[in-house]
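Protein sequence lines, in the order shown, are assigned to chains A and B.
At position 68 of the first sequence the residue is numbered 55 (the working numbering), and the sequence of numbers has no breaks.
At position 238 of the second sequence the residue is numbered 265 (the working numbering), and the sequence of numbers has no breaks.
For the record, the hints were derived by calculation from the structure and aren't laboratory data.
This one's a predicted model, so the numbers in the text were calculated from it and none came from an experiment.
Do not take every clue at face value.
Restricting the straight-line Cα-Cα distance to at most 30 Å, the calculated cross-link-like pairs of lysine-lysine (DSSO-like) are [claimed, not checked]:
#	chain 1	residue 1	chain 2	residue 2
1	B	K280	B	K341
2	B	K280	B	K64
3	A	K156	B	K64
4	A	K156	B	K205
5	A	K235	A	K246
6	A	K220	A	K188
7	B	K94	B	K205
8	B	K94	A	K220
9	B	K94	A	K156
10	B	K94	A	K157
11	B	K244	B	K64
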Amino acid sequence: MTITDEEVRQIALHANDIRQTIVRMLAAAGSGHTAGPLGMSDIFAALYFHVLKHDPKNPSWPERDRLFLSNGHIAPVLYASMAHSGYFPVEECLTLRKFGSRLQGHPERHMLPGLESTSGPLGSGISQAAGYAYAARMDGRDFRVYVATSDGEHDEGNSWEGAMFASAKKLGNLTQVIDRNFIQIDGNTEDVMPLEPFGDKYRAFGWHVIDIDGHDIRQFIGACEEAKTVTDKPTLIHARTTPGKGIKSIENDYLWHGKPPSKAEEVVFLKELELAREELLK
Amino acid sequence: MINKEMHLREDLFSAKGGSASGGDGPTMVPTRNGFGKGVVEAGRADVRVVVLSADLAESTRADAFQKEFPERFVEVGVAEQNMATVAAGMAAFGKIPFITSYATFSPGRNWEQIRTTAAINNMPVKVCGMHAGLLTGPDGATHQALEDIALMRAMPNMIVISPCDAEEGRRATLAAAKTGTPVYLRFGRDKTPVMTTPETPFEIGKAQVFWKSNNPKVAVFATGHLVHSALLAARELEGKGIGTAVVNVHTIKPLDKDLIVSLARETGSVVTVEEHQIAGGLGGAIAELLAQECPTPIEFVGVQDKFGQSGEPKELLEAYGLGVSHIIEAIKKALARRGI
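Chain B on its own, in the form it takes in the complex (with noise of 0.2 Å):
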């Protein structure tokens, strides 16, 4: 059952609406409306914060920022190799620049420059990828990332955020301009179920259990709109006699290891849920964890070594494993690897 102690939206199961993620969410919003808003307010907070935009302003929601703060606003074009280097320098002075673009951009294209001028120099740069994963829909594999969190992951001194839902997104925006480090934070760009309220717990690094039935017995790790889709799974497998507990992992790195390994202690099987692929993201991230602190048969969601294409975000979804019929299979899957 959801967990009243997360603040969750009451009517996260029961209003209407179409979502890309098979659910039906009551609001449905893309993850990167919420940097548009979070930004705005930290940059009300902190004189400090500036935008930095590679002609994608509007779609990246990096307008909101423009449109209060021009001064602090700087287009640099379609440059996204110059955007990251320039937002080093301006960090190197005193500054906190947020950089927008799509994520296979940036840091993409820029990923180097994000290492040596952002990473190595510990400069708090905050690299927003936007249109990251298969919800980016028509404009085809070249501009939907799937590889962006194993990117960023692998980098030291680099924090790496993947929001839930636009609320979420909103107040990671928010703690990301506090942090003094570089930081990734990956946003989507179509509409999905905002699940989170103002009075829902955010703290960089602290996973969230959004759901857990008594006795359960598969942990689900999910990050980004897929935790949505995860509790939907997770209430249909409780009406048929399988507990689960699904957590909201919006930290990739660092990850929460004391509540992934009590969480895979206590059920005695994991599934990881990503719209990303599997090499290299969370489902990674979690099997390296539990190897060594926790072995635990584990069951991956994910892109499995593929690109994406064009489509609608519903049918992408369902084409490349990721709905909600597919994290269904695979707790039973990891149920059946234990004789369940």
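Isolated chain A, as found in the complex (with noise of 0.2 Å):
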């Protein structure tokens, strides 16, 4: 499947919007996380604009593919990209974090139609999704499971033994995406806890690997595909992202990962993104 130059452009659009929402959600909020959802942008507007087979209308339809968010402290993005792709009113973003909102701090599947599980504590995330595949393909249904991981959650042992598992089942309906962003909460990975080689890891462990540049939304698109033609093994996108993508400013700044802009921040910040969005439709 090809995919001509304006959809792409369309795509990007889409994720100028999502960033723009993730912003003003969380300043609104007054906490959260902003630097992965920013980075994961691009890949999220491909997945809901693009690569996923779903109906925002009819959030349980069972032939949707399934995506799991395993890092749930990148709900903003998720919620955003759901919101925008007509899951529910953009609006509704701003309620994040709120008392009695759908929108809760790390996502809740009771609370929100449309997200297949509840994530936070991080590690869980790959053998929640290997384990609905490995159920999938028991009972012989077709649709495809992606899980959206990030780095710094690899230190629990959680995820390796999902990715052992998914592996030794060949679980070739299974295609995981990692923000790989180089940073968490102490610092950069490779001070906290070194992770590299990563992708050679994933490849010793049995997946299929895919390196990407993970805003650069015609490889996402090709690896998404490249993905369902293997099918005795799992797939990673090991898609290297840039955290705080969309403003320059905060960039790659591990400091970023886990707090939210200022009401000031916030007007700079869609200050620049719209500057950017302007860009695109020139």
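Quick one: dock chain against chain with the hints and give me the complex.
In structure tokens form, the structure reads like this:
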């Protein structure tokens, strides 16, 4: 399946919308994580506006592809992508982290239709997605299961247990997308607990690994297509991303992992994103 | 005297054979064997039932299911956190997974995974903790789960069941398959007396009066195989003119509040009996309930804030104060507190 330049541009515009909503919702919430959601906006835009087989008006459609978010703290990018693709009104995003909101600080499956799992405690998403993919294969179902993970959560043993399981069970219907942004709360991943050579570790674990630039929408979509052709092993899309992508002043700064923009920063950030949008529209 | 309505085994007290709990029940079977049988029956009744094993298929008795339903048996290796989370994923798809290991590892090691992916998610994952309690014996403290009830009881959405014998273990397993919720099932390693029969009523959340003297003065609430020891204590005391009621509290959550409160009211004093830490277990649950609904003197027979150690089951039960004589002592103490 080829994708046209215009389609790529449309997805990039959706990614810009998503980023703007992320900034607004985090500023309104007054807490939450900024760098990860911004860094994964291009990939989530591509997932929700191109890759995933889904129906926002019918979130429990049995034939939908399943997307598990393992690192639940990047929920803003998930919520914003869901809202912009039609699951719920975009304005509801501003209720993030507020009492009574369906948009919990970390996603809770029973609160919001369209969520496949409850997550936040790190390292358990690969196993859940693998269990789901395994059960689906038992019943001969042919949708795909995707799981978005972070690099920091690969400090957790459970992540690697899940990686072993998915490989042992030859789960060709499972695709993992890793947000390899090299930061975690206490610092850079290679300082806190080195993960390199990350892709090679997964290769050694028996996964099909595709290395991409996580902000190259065309590469990401191509990798998702390639994953579908590998039927005897799970695929890892090893996406090199820039944390905080789109806001130059915070890109690659681990201090932005776990804090929101202030009201003043919100104005500045939105202005920068609006300029980027105008560039895309040229 | 034995409550006939419970259809317990006629030979409950009569046959020979050493009992881990100090009794001499006729048929000695580990409760985990009841799980092995029950899960196969659950598998026959419902194709959605699957069993996951963390490298302990034989000793958890998951191997019976493996033999009959190899395509529905999932080996995950020595990885309890993975087992819980894979099961949660399978349950999200629509399966009814039973996850099997020793209770110290599951729900011990994987407690947070169970909390987040099974309980908060409200997925029908059935956590089957084997080798609970001192009955694990020579393996020692690391393998003797004495905190598992507390761990699971504190968790919203979780049902907690501790069967009194192998037959009830079978019934509890069958019932657990049908709840649509997460369930914790607690089983032991060593042989213990079988008291119940297929005719014994079993319903999750309904405690059972196994023994009731005329004019009982103490209500004994027991769980697990120590129900048998409580019956032995009751029989002995009845011979001495001390009337009791013995209740099998197989479901620790949700607790059968009506029955427990009404018996506490009727008798005026309570003894709880469990092979678990007193803190947070059955005793804790009943104390919480009665403190609110019917303040009653309570004596606790259970492990007193200690870890286990290697030894034979029977000697461990005695050493940790869980023998029949300890139950009798507790009953007398409960009476003495009321000046009886």
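Measure nothing beyond the straight line between the CA atoms of K94/B and K220/A; if it is 30 Å or shorter, mark the hint as holding.
-> Roughly 27 Å separates the two Cα atoms, so the pair holds.
Take a quick look at whether K280/B and K64/B sit within 30 Å of each other, Cα to Cα.
-> Holds: K280/B and K64/B sit about 23 Å apart, inside 30 Å.
Is the straight-line distance between the alpha-carbon of K156/A and that of K64/B 30 Å or less?
-> holds (27 Å)
Distance restraint between K156/A and K205/B, which requires alpha-carbon spacing of 30 Å or less = OK: K156/A and K205/B at ~28 Å, within 30 Å.
K244/B and K64/B: Cα distance at most 30 Å?
-> violated (38 Å)
Pair hint outcome, K94/B versus K205/B [Cα-Cα no greater than 30 Å] | Given that 30 Å is the threshold and the Cα spacing comes to 22 Å, the pair holds.
Holds or violated: are the alpha carbons of K94/B and K156/A at most 30 Å from each other?
-> Status holds; Cα separation ~19 Å.
Sort out whether K341/B lies within 30 Å of K280/B, counting only the CA atoms.
-> holds (28 Å)
Taking only the CA atoms, is the gap from K94/B to K157/A under or equal to 30 Å?
-> holds (22 Å)
Take the C-alpha atoms of K235/A and K246/A, compute the straight-line distance between them, and say whether it is at most 30 Å.
-> The hint holds at about 16 Å.
Hint consistency between K220/A and K188/A [alpha-carbon to alpha-carbon, up to 30 Å] = holds (15 Å)
Consistency note: the structure conflicts with earlier hint 11 alone.
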